[in-house]
Structures are given as structure tokens and as C-alpha cells.
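Please build the complete structure, drawing on both the sequences and the hints.
Number of protein chains: 2
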Amino acid sequence: MRIMVLGGDGYCGWGTALYLSGRGHSVAIVDNFMRRQWDHELGAQTLTPIRSLAERVKAWNELTGHTIDCFIGDVTDYDFLANVFSQYAPEAVIHFAEQRSAPYSMIDRKHAVFTQVNNVVGTLNVLYALHEHQPDCHLIKLGTMGEYGTPNIDIEEGYINIEHNGRKDVLPFPKQPGSFYHLSKVHDSHNIMFACKSWGLRATDLNQGVVYGTLTDEVALDEALINRFDYDEVFGTVLNRFCAQAAIGHPLTVYGEGGQTRGFLDICDTVRCIEIACLNPAARGECRVYNQFTEQFSVLQLAQMTAAAAEQLGLKVEIEHLPDPRVEAQKHYYNAKHSKLIDLGLQPHLLSNTLLDSLLNIALRYRDRIDPALMLPRVNWRSAHNDRKAAVCTLTGTTVA
Amino acid sequence: MRIMVLGGDGYCGWGTALYLSGRGHSVAIVDNFMRRQWDHELGAQTLTPIRSLAERVKAWNELTGHTIDCFIGDVTDYDFLANVFSQYAPEAVIHFAEQRSAPYSMIDRKHAVFTQVNNVVGTLNVLYALHEHQPDCHLIKLGTMGEYGTPNIDIEEGYINIEHNGRKDVLPFPKQPGSFYHLSKVHDSHNIMFACKSWGLRATDLNQGVVYGTLTDEVALDEALINRFDYDEVFGTVLNRFCAQAAIGHPLTVYGEGGQTRGFLDICDTVRCIEIACLNPAARGECRVYNQFTEQFSVLQLAQMTAAAAEQLGLKVEIEHLPDPRVEAQKHYYNAKHSKLIDLGLQPHLLSNTLLDSLLNIALRYRDRIDPALMLPRVNWRSAHNDRKAAVCTLTGTTVA
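Chain order of the listed sequences is A and B.
Note that the first sequence covers residues 1 to 401 in the numbering used here.
Note that the second sequence covers residues 1 to 401 in the numbering used here.
There could be a bad hint or two in this list.
Treat identical chains as interchangeable: a pair holds within one or across any two.
[To be verified] Lysine-lysine pairs mimicking DSSO-like chemistry, simulated, CA-CA at most 27 angstroms apart:
#1 K110 with K197
#2 K168 with K331
#3 K340 with K168
#4 K331 with K197
#5 K337 with K168
#6 K197 with K168
Calculated from the structure, these hints are not laboratory results.
Now the structure itself:
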């Protein structure tokens with residue numbers, strides 16, 4: 001298939017682009033390198049020394065003979081995006097090109113507004129580009145399990161049968177997102193449903209859980225292909241962060257009681273889910289929703305599992321409970337359905353000691369790149385301003401006006 | 001009370017500002033006159049010759065002795081907005097300052113993006129201004145009944161009790177909005193719920209039905225206070241448009257079968273609902289939702305009622321069914337609850353022959369200002385581009401490059 005990966009230089013995007021290319025699909029990456037820019041802004045960097053997109057794509061070509069086309073630009077720039085759609089004529093477009101960090105969106109008003117405008121306008125542009133230039137192309141959009149929040153009922157995959165006062169309907173599952181970032185994804189989901197209904201577009205909205213890991217088979221081929229591994233408090237997903245903390249003997253930072261339960265998946269499954277969605281497109285006019293995760297854990301469970309695996313490697317690790325910087329339930333019912341991708345053939349890679357070993361070993365390998373000051377939460381959900389930039393200046397010892 | 005009306009120069013805003021001022025509240029209007037600008041863009045004008053805000057407010061002061069403060073600026077400009085909040089220190093803020101036309105949002109991509117960015121960013125700014133400067137101030141936000149769409153179950157007021165697989169929760173009522181404008185209001189609703197929960201703000205989200213009428217008691221005092229009466233296909237609400245059509249012998253344009261059923265209310269009730277919300281504020285941390293309408297009608301019913309009232313006045317009126325330019329159900333179940341404002345004391349002004357007479361008489365009085373070319377639908381939901389501007393140029397006989 002001809003597949004376009006928006007945000008293909010990012011964490012999930014890069015792994016996905018390589019996997020699809022390796023599987024014989026024609027792949028194009030669209031990216032504006034904004035994710036790299038955010039690292040500069042925050043004074044953070046990925047644990048793993050990732051190469052430039054040009055170097056990565058060249059290395060992939062030399063190693064495998066596969067070519068990946070690259071279009072450098074911003075999906076919020078419609079002229080650019082429409083031109084890319086016309087030129088590349090994709091059969092499927094995977095849309096990862098959004099600001100994806102909840103803490104980033106909660107830094108202050110500017111970051112909240114940026115996150116919602118960037119994500120909503122980018123997705124509106126994708127919808128219009130499909131409608132105008134590639135109406136048969138299948139949109140695969142990355143949503144998040146965080147759109148649902150933590151309701152006291154089972155979470156279904158996008159829609160729920162409701163019987164009310166003796167009448168019935170199948171309606172969009174009610175959303176209770178917990179940050180301006182998660183809200184932006186809810187906004188996108190509503191916009192996409194409307195576009196499918198009004199314009200007959202075909203879409204799959206993948207409500208993804210928290211992703212961990214970094215080594216997909218393709219990335220493992222060569223150091224030049226290495227993927228991001230974020231461990232900072234803003235962009236680091238929780239298990240990756242715990243592994244980085246364990247590697248330098250930093251306590252594993254659990255927010256509050258740690259009873260916050262979420263769906264998780266290995267990045268190896270992210271890339272497989274995306275191909276499954278591509279190969280089984282939604283019908284014209286259909287907006288499908290799949291919950292894309294393989295296992296549920298509480299944050300405290302993950303901390304305990306990481307600590308145990310670290311101990312096996314001779315690392316001494318403590319678990320520290322910090323005041324929760326987020327506004328969220330620290331204990332709650334959680335049972336989210338996730339059978340639709342499995343019905344289509346997904347074989348989950350479950351979290352094991354071997355995998356935790358491998359994650360910890362990556363963290364150990366690059367431990368010299370870890371800045372412990374980046375691990376403590378400095379973005380408080382309750383504050384209108386979090387001086388994230390000032391803190392960076394203090395750390396580097398440089399005064400910036 | 002000290003009440004700030006964002007969008008106080010618009011249709012509902014002006015009527016509300018005068019009503020609250022007449023009731024003895026201290027009132028400030030915040031507006032950027034964008035609504036007047038849209039008329040210029042579309043080559044349209046209100047049926048009634050409204051005066052400038054400066055003239056209106058001066059006339060109100062001369063007639064009643066009441067003063068209304070005016071702050072001219074854009075709510076998407078945070079520095080301006082935050083400054084106004086600090087300076088005026090309102091106890092309640094009524095937020096009408098949004099792009100409120102569904103067809104306008106569906107003209108093309110630029111109008112869709114403008115509508116969502118303008119509305120979402122404006123509301124985010126209001127939320128941050130409250131959090132930073134007036135955390136105890138009560139936000140009264142105008143939503144729309146169109147957020148719910150037309151589900152096959154009874155529509156509750158904002159939240160619904162759901163029992164699912166043996167467990168229960170009270171969750172936000174699922175939303176199925178039918179235009180990029182309606183979607184922008186759904187986005188706002190989610191953002192507001194989150195801000196109340198995270199920051200302890202107090203908010204009332206009023207999901208208003210379709211408003212008709214123009215003469216509130218205060219507006220009726222003097223010609224200089226006259227309110228907008230929009231009849232064009234983009235900003236004209238359906239009953240006002242039917243009256244303008246009847247006044248010039250134009251067929252009443254019903255889209256499709258006309259079975260589209262909605263909640264309606266007289267602008268006299270809009271202003272009363274707003275005061276009721278002000279006098280009964282939400283608690284800190286609470287995001288209440290009230291459905292603000294008094295009666296349900298189908299579009300065809302309204303056309304028939306208008307035609308009958310027109311006939312009594314000696315006007316001959318036909319009903320014409322046009323292909324529906326919108327993507328919507330033309331026949332559907334509709335039963336929306338609306339008891340919460342009545343429980344707080346609202347006494348509805350129901351639609352009567354007398355009221356239809358009065359509306360028709362206003363339309364007759366200003367019939368010379370009616371441009372019949374503005375009444376036919378030229379914005380098709382299914383098209384990515386609707387050449388709304390080009391049509392205006394043709395009508396005026398001027399060629400614009």
C-alpha cells in the first residue's frame with residue numbers, strides 16, 4: 001500500500017514508518033521536526049542519541065534497499081499538506097503529527113492554546129485534504145485512551161449501547177479527558193466523526209494506551225536507526241521514565257498513591273496495530289474506534305515490577321510517592337475493552353521480565369546522557385503558570401533574559 | 001451584581017446587556033464588532049437598522065440613567081481580556097463572544113478553522129483569566145442544543161445516568177454535533193468541565209435552542225436601541241428568516257422534508273434565563289448544564305404557523321421544500337428535557353399568533369431592506385468550498401479580483 005506517516009520523525013511515527021517500509025509498503029514521512037524543537041525548549045533530550053531524519057532514512061535505505069520519501073513541513077500549513085496529498089496520493093494516512101504530552105499542554109495558557117490549536121487545526125486540515133484530494137484514502141488517527149478518563153463503568157471501544165427511558169441508541173462513549181492535551185484529542189475525535197458522516201470519509205481512530213519500549217525489529221538493525229526514548233517529566237512515558245530512574249539509582253517517582261490504572265502496550269504492538277488497521281480499512285462514511293493497548297497496570301504495579309527487575313540486575317531502587325501534580329483519581333475502577341484489534345489478528349507482546357531487562361539495559365547503556373533534574377514533576381495541573389523555562393535556565397547555570 | 005457580557009454588541013448579547021442593566025445590575029460589554037464585520041463579508045445586513053454600540057449605549061443612558069461600560073477588544077487577545085477581568089472584577093461573566101453560525105463554519109476550510117480556533121481559544125482565554133484573576137466569578141457560557149444532535153433517546157440536561165454491565169455512573173451526555181460550529185461548542189463544553197474540575201471554577205453551560213424575536217422590553221423603549229434581526233441564510237435563525245420571507249412574498253424555504261425538530265425560545269426568555277443563572281450561581285468546582293429552550297417545533301410546523309399568521313395579515317405565502325444543504329436527519333425522534341431553568345423560576349413566553357404578528361410586522365416595517373438573494377441556501381455541507389464571496393460579488397454587479 002501507499003502509506004503516508006504524518007509525524008514520522010517522532011517516537012511512534014519512526015517505529016511505524018520503518019515497520020511498514022520493512023513490510024513492503026511504500027512509505028512517506030511528513031514531519032516538521034517540532035518534536036525535536038520541544039526538547040530544546042525544555043532543555044531535555046532523548047536518552048538514546050537519535051540521528052537526523054535525513055541520516056536515518058539514508059541508513060535504512062543502505063541497510064535494506066527500501067526508500068522512504070520525506071516531505072518536510074507542517075500539517076497546520078494547508079497549502080503544504082494539500083500539495084503532499086495530491087503528489088503522493090496515499091491509500092492510507094497515519095496521523096501522529098500532534099503535540100502528545102499532557103504535562104506540556106498544562107505548562108501555562110500559551111502551551112494549552114498551542115496544543116489545542118496545533119492538534120485541532122492539523123486534523124481539520126487532514127480532513128479537508130482527504131475530502132478535496134483523496135476521498136477514498138483511509139485515515140488512521142492516533143487518539144488516546146485518556147480521552148475516556150476513568151468512568152465507573154466498563155470502557156467500550158468508542159461507542160456504547162445506551163438504553164434510557166425505554167428507548168435505545170448506540171452513541172459515542174462519553175469522554176472525560178484529564179488535560180488540555182487529552183481534550184485536544186477528544187476535539188479531534190468529534191471532528192473526525194462528523195467528517196466521516198458528512199463527507200463519506202473512512203477513518204479509524206486508535207485510542208492508544210501508554211506506549212513503552214523503543215526497540216522494534218527494524219530499529220534494532222543498526223545504531224543509526226535508533227528510536228527516541230524519552231524519560232523527562234514532560235515527554236517521558238511512565239515505564240520508560242522508571243527504567244531511566246532505575247539506571248541511575250534515582251527513586252521511581254510515583255505520583256500520589258499510584259493506583260492510577262491505565263492501558264499499556266509495547267511499541268512493537270503499536271506498529272503492528274497500525275498495519276492491521278491499514279490492511280482492514282474502514283468503510284466509506286465509517287468512523288471506527290479501536291482501543292489500542294494490550295494490558296492494564298496501575299502506576300504502582302509498574303514501579304514495583306521495574307524495581308524487581310532492576311534488583312535482578314544488581315541495581316538498588318526505591319519507590320518514592322510524590323504529591324500528585326495532576327488532578328486525577330488515585331484509586332478507581334478501570335476496565336477498558338480492547339478486543340477489536342485482537343479480533344483482526346494482533347498477537348500481543350506482553351510485558352515480561354525479559355522486556356524489562358532489555359529496557360533497563362538500554363537505560364544503562366546511555367545512562368551518561370541522563371539528567372536527573374528532568375525527572376521530577378514541575379508542571380502542576382492546578383497552576384495557571386508553571387515556570388518550566390526558568391527552571392531549565394537555573395539548571396544550566398545560564399541566565400536567559 | 002457586577003456582570004460582564006462578552007459579545008454584548010451581538011443579537012443575544014445586546015438584549016441581555018440591556019435587560020441586566022435595566023434590572024439594576026452593573027453591566028460591562030466586551031466586544032470587537034466582528035459580528036458586524038461578517039455582515040460586510042457576506043454582503044448581508046440585519047433587517048433592522050441597528051446603531052453603533054457607542055450610540056446605543058448613549059441612548060440607553062439618556063433614556064434610563066443607567067450606564068453600561070464598554071471594553072472594545074478581542075477575547076482571543078489574552079492580554080486585553082486579562083486586563084479587563086482585573087479592571088472590572090465581575091461577579092459573573094456571560095460568554096456570547098463566539099462565531100455562532102453553522103453555515104458560516106461550513107463555507108470552506110478557512111471558515112471552519114476560523115470558527116473552531118476563535119471559539120476554542122476565546123473560551124480557553126476566559127477560563128485562564130478566571131483562574132488567574134477572578135476565580136470566584138461565575139462563568140455563564142452559551143452552548144447550543146445542537147451539541148446533542150438527534151439521538152434516539154431522551155436528551156438530558158448535560159449529564160446522563162448510565163447503567164452498563166451491572167455498574168453505574170453519571171457521565172457527560174454523548175454529543176453528536178452537526179457542523180464545525182456546533183463542534184466548536186462541544187469542544188468548549190469539554191474544556192469548561194475540565195477547568196471546573198481542575199481549578200475549582202464555577203460554570204453554567206447553557207445549551208440554548210434556536211432563538212427568535214427581537215423585541216425585549218428594553219429594546220422596545222426606543223428605535224435607537226433596536227436589536228439585530230438576521231434573515232440571511234448564514235446568520236438568520238429560521239423563524240426570523242420565515243417572517244422576512246413572508247413579508248416580501250418569498251416562499252418559506254424549508255430544507256428537505258422539514259421534519260427536523262429543535263428546541264426554540266423567544267429572546268425575551270434568553271435574557272431572563274441569563275439573569276436566573278446569574279442569581280443562582282454554580283458552586284465552586286461545579287459545571288452545570290441547563291437546556292435553555294421553551295418549546296419544540298419541527299421546521300415544517302414553524303413554516304405552517306408563519307404562513308397561517310401571514311395569511312391573517314393579508315400576505316400570501318407559499319412553502320417551498322428545497323434540497324437540504326445540511327447533512328442531518330429529516331425525520332427523527334426528539335425529546336429534550338428543559339426543566340432546570342423552569343425549576344429556578346423561568347416563566348416561558350410561548351410562541352403565539354400575537355408574537356408571530358409582531359415579528360411579521362417588524363419584517364413588514366423594514367421590508368425595503370430585505371435582499372431576497374440572501375435567503376436561499378448557498379452553503380452546502382457536502383462541499384469543501386462554497387463560493388459565498390463570489391456570489392456576493394455577482395449580486396452587487398461588481399467584480400472583485
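Taking the hints in turn, this is what the structure says about them:
no., hint, result
1, K110 with K197, "between (33 angstroms within a copy, 20 angstroms between copies)"
2, K168 with K331, "between (32 angstroms within a copy, 17 angstroms between copies)"
3, K340 with K168, "both (23 angstroms within a copy, 24 angstroms between copies)"
4, K331 with K197, "between (38 angstroms within a copy, 17 angstroms between copies)"
5, K337 with K168, "both (21 angstroms within a copy, 17 angstroms between copies)"
6, K197 with K168, "within (20 angstroms within a copy, 30 angstroms between copies)"
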